[in-house]
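Those protein sequence lines, which keep their order, are chains A and B. Each residue of the first sequence is one higher than the last, beginning at -18 in my numbering. Each residue of the second sequence is one higher than the last, beginning at -18 in my numbering.
Take these hints with a grain of salt, some might be off.
Identical copies go unnamed one by one, so any copy, or any two together, can satisfy a pair.
What the hints assert, rightly or not - Below, simulated DSS-like cross-link-like pairs (lysine-lysine); rule was C-alpha separation at most 30 Å, straight line: (1) Lys132 <-> Lys(-14); (2) Lys127 <-> Lys(-14); (3) Lys(-14) <-> Lys110; (4) Lys113 <-> Lys198; (5) Lys62 <-> Lys127; (6) Lys62 <-> Lys119.
Hints listed in this document are in silico derivations from the structure and should not be mistaken for laboratory results. Fair warning: this is a prediction, and the values are worked out from it, not measured in the lab.
Number of protein chains: 2
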Amino acid sequence: MHYTKLEIKDLNRIKRLRLMNSITGIKSANLIGTLSESGNTNLAIFSSVVHLGSDPALIGFVMRPNNNVKRDTLNNILETKHFTINHVNSNFVEKAHYTSLNFNEDQSEFDYCNLESFYIDNYSPPFVKESKVKIGLKLHEIIPIKSNGCKFIIGEVEHVLLDDGINFIAEGSIDLEDSNSVGVGGLNSYYTMNKIAELPFPRLSTTPASEMNKFWKRKI
Amino acid sequence: MHYTKLEIKDLNRIKRLRLMNSITGIKSANLIGTLSESGNTNLAIFSSVVHLGSDPALIGFVMRPNNNVKRDTLNNILETKHFTINHVNSNFVEKAHYTSLNFNEDQSEFDYCNLESFYIDNYSPPFVKESKVKIGLKLHEIIPIKSNGCKFIIGEVEHVLLDDGINFIAEGSIDLEDSNSVGVGGLNSYYTMNKIAELPFPRLSTTPASEMNKFWKRKI
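Full structure from sequences and hints, please.
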């Protein structure tokens, strides 16, 4: 099946949304927790969280221009400069999904979606207690994306909280099967993970690039 | 387990890389195909592809500052303004993974990693023939990320090629279990997908936000 640019443009809106949101492949499902200056908590599901660097430890996510629910997240981050990122786990997918309904500013998604907030000392934004992987960040940079009015929000990692049950693959890498972390496909399909391969870290590989042709022949 | 910013800073480099690359959750595994002005093809695996919008259809990905392999990708995109994004499928994970080795500019990863190129009429960059989901894009915008020297590369979708075997969930949304698309955790763990939930599109939900408290009570 081949869709050209014109054919994509001509699709009905919902079909185009579904196709375009699904063709990039699996996306992480994360809940972003924030606190407003006046003390209201907010929680919103995002599928655009992306790793940017390890030293300093930076994480970014994309804020769409026209989404009422997600504007609370941006407003709160601008007001209080901090936010949390919390993995969605398979046992609370539905609660996480419905944070994207159109709640009023004073209606906390924690209450309306039956999720519990969790706090650590000297750090104000709410984590999601149910989440096995919780990250606390400080606003670092907001980059406007001229192409379509999105904003790219970048935070520096200040806290990483991992549930005791989580195992590491090699040293430092979280096992995402183990942590029950889910991914999103398109707008509303949720997936759990099956680990199928654990390959050598390329920079530490014992096979040099120029030998790869021989490497495949040895494998046959 | 709680890591603070200082403790993260003090981890050894590899452990910090592994932890920071894995805590954002599952990432899509995609091969980006490009062509240089002088006619060399290049292929590189990326885990930072992100949906930006559907109309116009825009997709972005993050280019790290210090990676020799991936610089070919950027140079080629600057030279010829086009690139392809191709899902990594479970049957060629290893080949895709090793595109991140340090090949010379004139060594095509297609040859060295045993993957086949595929072309369509009037469109120059190479697709990956083995990939069940192929996207052809035109460079739209390059955004420097001041925080750490990364670049955010944005392309507009010009072609979407889907294998005949792929089914849709609802109208337009690709079934990622069906397409054998894989995700990456951390630097080198690969996962396939298990669909666990298909929830109503929030904007079309029949339950208003203000009724969500009752919604959960009905579910118990």
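Results of checking the hints against the structure:
no., hint, in the structure
1, Lys132 <-> Lys(-14), "both (24 Å within a copy, 25 Å between copies)"
2, Lys127 <-> Lys(-14), "within (20 Å within a copy, 32 Å between copies)"
3, Lys(-14) <-> Lys110, "between (44 Å within a copy, 20 Å between copies)"
4, Lys113 <-> Lys198, "between (42 Å within a copy, 25 Å between copies)"
5, Lys62 <-> Lys127, "both (23 Å within a copy, 18 Å between copies)"
6, Lys62 <-> Lys119, "within (6 Å within a copy, 35 Å between copies)"
The structure agrees with every numbered hint stated previously.
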